[in-house]
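K.L.:
Sequence:
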Amino acid sequence: MENDSIAFIVFYRDVGSDLQETLDSISLAIESSINWQFELIIVDDGSRLENSFQFDKSLLLNFKSARHPRSLGISEAIKTGLALSTSKWIFPIPGHSMFGSQAIQNILNLC
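Using this note's numbering, the first residue of the sequence shown is number 52, and each one after it goes up by one.
By construction, these hints were calculated from the structure, which means they are not laboratory data.
The reader is advised that the hints may include incorrect statements.
[Said to hold, decoys possible] Once the Cα atoms are required to be at most 27 Å apart in a straight line, the calculated DSS-like pairs of lysine-lysine come out as: (1) Lys108 - Lys139; (2) Lys115 - Lys130; (3) Lys139 - Lys115; (4) Lys130 - Lys108.
[To be verified] Pairwise CB distance ranges (calculated): (5) Ser126 - Arg99: 18 to 26 Å; (6) Ile85 - Arg118: 30 to 38 Å; (7) Leu100 - Asn160: 16 to 24 Å; (8) Leu123 - Asp55: 29 to 37 Å; (9) Glu82 - Arg121: 29 to 37 Å; (10) Cys162 - Arg99: 18 to 26 Å; (11) Asn160 - Gly97: 27 to 35 Å; (12) Pro120 - Asn86: 36 to 44 Å; (13) Asn160 - Arg118: 31 to 39 Å.
Cβ atoms here follow ideal geometry from the backbone N, Cα and C, with glycine treated the same way.
Could you build all of it, start to finish, from the sequences and the hints given here?
P.N.:
This is the structure in structure tokens:
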């Protein structure tokens with residue numbers, strides 16, 4: 052387990068471009084965080100649509116992704132992410148652009 056690391060578990064199903072907005076917000080928030088290492092785990096909970104995204108993986112300690120063949124629900128998506136994580140801190144975040152970069156940064160400041 053990485054004691055100074057935070058895992059973002061981004062879970063989604065058929066969110067379209069909101070997934071990229073969510074990842075952009077995470078990227079902006081972690082660029083200014085120097086005290087932590089970050090892990091990004093993306094869990095597709097059975098999307099029927101193909102979702103593509105870009106992320107600068109050099110900002111990360113670790114990157115993993117998983118896909119459920121059909122929707123199993125939010126709890127199962129988060130559990131899938133937890134099973135893949137090696138971080139001490141976990142931040143589950145919906146992939147539908149719910150949090151902007153400032154909100155994510157405020158949460159990171161609490162850790």
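K.L.:
A separate judgement is required for each hint: does it hold in the structure or not?
P.N.:
Results of checking the hints against the structure:
1. With a C-alpha separation of about 20 Å, the suggested pairing of Lys108 with Lys139 holds against the 27 Å cut-off.
2. In summary, the hint linking Lys115 to Lys130 is supported, as the alpha carbons are separated by about 14 Å, within the 27 Å threshold.
3. For the hint pairing Lys139 with Lys115, the CA-to-CA distance comes to about 16 Å; that is within 27 Å, so the pair holds.
4. Note on Lys130 and Lys108: the hinted pairing holds, with a Cα-Cα distance of about 23 Å set against a maximum of 27 Å.
5. About 20 Å separates the C-beta atoms of Ser126 and Arg99, a value consistent with the hinted range of 18 to 26 Å.
6. Remark: the range hint 30 to 38 Å for Ile85 to Arg118 is upheld by a beta-carbon distance near 32 Å.
7. Between Leu100 and Asn160 the CB atoms are about 35 Å apart, so this pair departs from the stated range of 16 to 24 Å.
8. Our hint of 29 to 37 Å for Leu123 and Asp55 holds, since their Cβ atoms are close to 31 Å apart.
9. Checked against the hint of 29 to 37 Å, the C-beta distance between Glu82 and Arg121 comes to roughly 35 Å, which is consistent with it.
10. Our hint of 18 to 26 Å for Cys162 and Arg99 is violated, since their Cβ atoms are close to 35 Å apart.
11. Here the CB-CB span from Asn160 to Gly97 is close to 34 Å, well matched to the stated 27 to 35 Å.
12. Taking 36 to 44 Å as the suggested C-beta distance range, the pair Pro120 and Asn86 conforms, at roughly 38 Å.
13. The hinted window of 31 to 39 Å between Asn160 and Arg118 holds, with their beta carbons roughly 32 Å apart.
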